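Peer 1: Sequence:
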Amino acid sequence: MPSHEATRRKATPRELAKRALDVAISVVAIVPLALVFVVVWIAIHLDSPGPALFRQRRIGRDEKPFTCFKFRTLRHNADENVHREAIRRFWANEPLSDDPDAPYKLTDDPRVTRVGRWLRRTSLDELPQLLNVLRGEMSIVGPRPAIPYELEHFRDWHHIRHIVKPGITGICQVRARGRVSAEVMLEMDVDYAMNWTLWTDLKLIALTFPAVLRGHGAR
Numbered sequence: 001m002p003s004h005e006a007t008r009r010k011a012t013p014r015e016l017a018k019r020a021l022d023v024a025i026s027v028v029a030i031v032p033l034a035l036v037f038v039v040v041w042i043a044i045h046l047d048s049p050g051p052a053l054f055r056q057r058r059i060g061r062d063e064k065p066f067t068c069f070k071f072r073t074l075r076h077n078a079d080e081n082v083h084r085e086a087i088r089r090f091w092a093n094e095p096l097s098d099d100p101d102a103p104y105k106l107t108d109d110p111r112v113t114r115v116g117r118w119l120r121r122t123s124l125d126e127l128p129q130l131l132n133v134l135r136g137e138m139s140i141v142g143p144r145p146a147i148p149y150e151l152e153h154f155r156d157w158h159h160i161r162h163i164v165k166p167g168i169t170g171i172c173q174v175r176a177r178g179r180v181s182a183e184v185m186l187e188m189d190v191d192y193a194m195n196w197t198l199w200t201d202l203k204l205i206a207l208t209f210p211a212v213l214r215g216h217g218a219r
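Residue numbers for the sequence shown follow full-length UniProt numbering, beginning at 1 and rising by one.
Quick caveat, the hints were computed from the structure, so don't treat them as lab data.
With a cut-off of at most 20 Å between alpha-carbon atoms, the simulated SDA-like pairs for lysine to any residue come out as follows:
#1 K64 x L131
#2 K70 x G136
#3 K70 x V31
#4 K70 x L35
#5 K10 x D62
Label pairs and their in silico Cβ distance ranges:
#6 V39 x R84: 31 to 41 Å
#7 R9 x P49: 40 to 50 Å
#8 W157 x L53: 32 to 42 Å
#9 D156 x V31: 41 to 51 Å
#10 A24 x P110: 37 to 47 Å
A quick note: this is a predicted structure, and the numbers were derived from the prediction, not measured.
Even glycine gets a Cβ: it sits at the ideal position worked out from N, Cα and C.
Produce the entire structure from the sequences given, and follow the hints as far as they go.
Peer 2: Structure (structure tokens):
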């Protein structure tokens, strides 16, 4: 298991290239998306009380915690135990919904607001994570950033997924979200962490757009 006290090592040329790609995409994307940010911000405030920006502790590379930014999709001060129970059922391989196309996706969460459902379906709630990418805490492509209590269910080899930065999109978000078990998702994450290439990242970025249009990867 990676240590929280892991020493900072020198980045490899491949990692430097990935970082350059992350920064370039984030900078190019933020400017045209500025209007979208404003519209979403207003919509959230009109729909329900509470801040538009949601901050949550997540697990980053080498299992170092960081503050992850998202647009708020839940009611303010929503009960976290609902998600904890969903995670427990997910790891017990219990279906979370009756949807045959997404049996492992929590689709009837009463905490989600009206605007929040739309944001999740379009994945627009993830846009503030571009700030995490610019800060060096996340990558455009990588495993989904885990919530600390999810690590309680990890087996030793699952922690390998944290040798890379978490991503806004990734192989699970594009190809498997809500349709496969926790074990299969972790296998996919570990395989990516050990074998990623820039070409793989570019392909996953390209596949993200049709996946979003189909609603795949939405939570």
